[in-house]
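> Protein sequence lines, in the order shown, are assigned to chains A and B. With this note's numbering applied, the first sequence closes on residue 291, and no number is skipped along the way. With this note's numbering applied, the second sequence closes on residue 291, and no number is skipped along the way.
No lab work stands behind these hints: they were computed from the structure. In this text, all values refer to a predicted model and were calculated from it rather than measured experimentally. Be aware that one or more of the hints could be misleading.
As the list makes no split between identical chains, a pair holds if one copy fits it or if it spans any two.
[Unchecked claim] Quick list of in silico lysine-lysine cross-link-like pairs, DSBU-like style, CA-CA up to 30 Å:
1. 234 with 106
2. 79 with 234
3. 129 with 114
4. 114 with 234
Chain residues, written in single-letter form:
There are 2 protein chains.
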Amino acid sequence: MGSSHNILTRASVINSIEEVRLALAVHRRQGGRIGLVPTMGALHRGHGALIEAAARNTDLVAVSIFVNPIQFNDPGDFKQYPRTLDSDVAFCESSGARIVFAPSAKEMYPEPQKSFVDVEGVSEHLCGKFRPGHFRGVATVVLKLLQIVQPDRAYFGEKDAQQLAVIRRMVRDLNVPVEIASVPTVREVDGLALSSRNQHLTPGQRAVAPILYRALQLARERIADGVRDPEIVKREALDALRHPEVQVEYLELMDPGSIQPKERMEGSVLVAAAIWIGGTRLIDNVLWNGV
Amino acid sequence: MGSSHNILTRASVINSIEEVRLALAVHRRQGGRIGLVPTMGALHRGHGALIEAAARNTDLVAVSIFVNPIQFNDPGDFKQYPRTLDSDVAFCESSGARIVFAPSAKEMYPEPQKSFVDVEGVSEHLCGKFRPGHFRGVATVVLKLLQIVQPDRAYFGEKDAQQLAVIRRMVRDLNVPVEIASVPTVREVDGLALSSRNQHLTPGQRAVAPILYRALQLARERIADGVRDPEIVKREALDALRHPEVQVEYLELMDPGSIQPKERMEGSVLVAAAIWIGGTRLIDNVLWNGV
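Work out the full structure, taking the sequences as your base and the hints as a guide.
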């Protein structure tokens with residue numbers, strides 16, 4: 001267990017790439033293992049679980065807070081994305097982080113970005129189909145953060161299953177010297193996956209939102225029951241998502257590593273969906289690990 | 001001056017990524033600065049100048065030798081690319097390298113590569129126009145090598161001016177923690193730039209080959225003379241390349257950083273050309289640094 005986990009120490013808030021490198025270099029030379037939790041801020045208990053996992057398994061946790069413009073295909077979504085730096089810093093401290101790296105867009109992109117990482121195959125389906133360029137922006141900024149912080153381990157939530165698959169593949173393909181760790185999705189008591197976007201839901205919409213996790217669970221149960229035709233599983237899950245306030249963007253059964261469609265229910269199956277409730281887009285997934 | 005420069009020590013030949021990382025980690029922990037010279041083997045005095053520069057300015061020089069399949073758009077060119085590992089290792093030793101990293105294609109690409117780095121703008125013109133996918137392959141493999149070796153400095157030849165611009169931009173855009181150093185082109189006495197491909201020239205073709213550097217020099221002289229219209233400079237240089245054995249692929253006046261066409265002869269001008277003599281493609285460039 002990292003020493004930072006139980007003792008509440010102040011976190012240093014650092015805005016510059018050069019300074020965060022210097023601060024971490026001192027720590028690295030003393031042999032300390034560094035954990036990175038990349039976030040876009042608006043932190044909640046889901047991020048808390050990532051920071052706590054990092055604090056248990058590394059010696060110094062850095063949380064990056066950066067709302068990355070190049071991963072938003074919709075400028076309105078970028079603009080309305082919640083920004084709550086002061087409370088985020090307090091949250092990082094209480095969760096066990098010692099460094100909060102919060103660069104400006106100018107610090108991360110001092111000139112127009114010309115270099116991009118594409119991770120083919122794994123980026124094509126699910127969110128990749130509906131948010132063109134999104135995973136290119138994610139892969140690129142995560143690679144930048146990995147180069148800046150040079151962590152021993154970086155932590156990502158399983159709620160963003162496709163993002164996790166993209167990053168795992170990128171790190172393997174590009175030989176980035178980092179271990180990618182994943183942390184299970186944190187949920188409200190009624191099953192809704194925690195997300196910074198949940199705060200955009202009206203109370204009425206919030207009451208509807210757990211329908212997503214229920215439908216995914218149903219799909220997993222049908223697979224566990226022995227249903228082997230993905231079309232039947234999908235149809236039943238889509239039926240469970242029927243609601244006047246819900247628009248389904250996708251619901252798919254995928255291989256969790258390659259994010260390619262599962263033709264047959266064998267090995268692991270990722271059941272992943274995106275829905276809209278009013279103007280808010282929610283994603284979630286469950287994993288079936290075979291019999 | 002690095003200690004490895006004057007004393008002839010045996011170089012370790014390492015084929016595995018894990019082993020080269022371990023060997024370099026020991027050195028890094030002792031505070032030694034690491035220089036990387038990425039090559040495709042078939043080493044000549046041009047590479048020698050890179051290795052010697054690295055040995056002067058870092059404490060341990062690693063030379064990578066890897067004929068990278070994903071940067072060859074022409075499978076025939078990949079197949080006939082010279083492979084001379086034994087003499088390359090001896091050459092590395094005598095030039096001051098201590099580690100030769102010579103991985104197999106299977107070691108570098110154990111599964112089909114899905115992650116690629118694109119460097120936009122700078123990859124579009126010159127060789128990028130005639131070798132589709134070439135710079136994507138170059139950027140991707142260089143990023144991989146930088147992640148594996150994690151050098152303090154990496155050395156590239158100015159003969160490959162566009163490659164140098166692509167790598168500089170990639171390193172800046174992706175915050176890769178390495179310094180990119182460039183080394184002037186090494187030439188034969190008659191001006192022909194050293195290249196592994198020169199060995200494919202017949203004696204008759206070899207006698208013709210210096211026409212390329214002469215034409216580039218002529219262009220630079222015309223700019224220095226005060227000619228400000230790039231079309232006039234190009235026309236005169238193209239006239240100088242007229243020869244029954246020579247086919248010109250391109251001759252362009254570019255900004256050396258952005259590799260975009262120069263509209264006016266101000267600031268630095270890169271005069272770059274590619275020609276074919278028989279089945280052999282030769283590239284070269286000269287830089288005009290303004291008045």
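> Against this structure, judge whether each hint is valid.
Hints and how they fare:
For a Cα distance limit of 30 Å, the shortest separation of residue 234 from residue 106 qualifies neither inside one copy, at 44 Å, nor across copies, at 39 Å. In this assembly of identical chains, the alpha carbons of residue 79 and residue 234 never lie at most 30 Å apart, being 34 Å within a copy and 48 Å across copies at closest. Proximity of residue 129 to residue 114 under the C-alpha cut-off of 30 Å is found in both arrangements, the shortest distances being 23 Å within a copy and 17 Å between copies. With identical chains, the CA atoms of residue 114 and residue 234 are at most 30 Å apart between copies only, with a shortest distance of 28 Å across copies and 40 Å within one.
Figure legend: structure checked against the earlier numbered hints; hints not met, in rising order: 1, 2.
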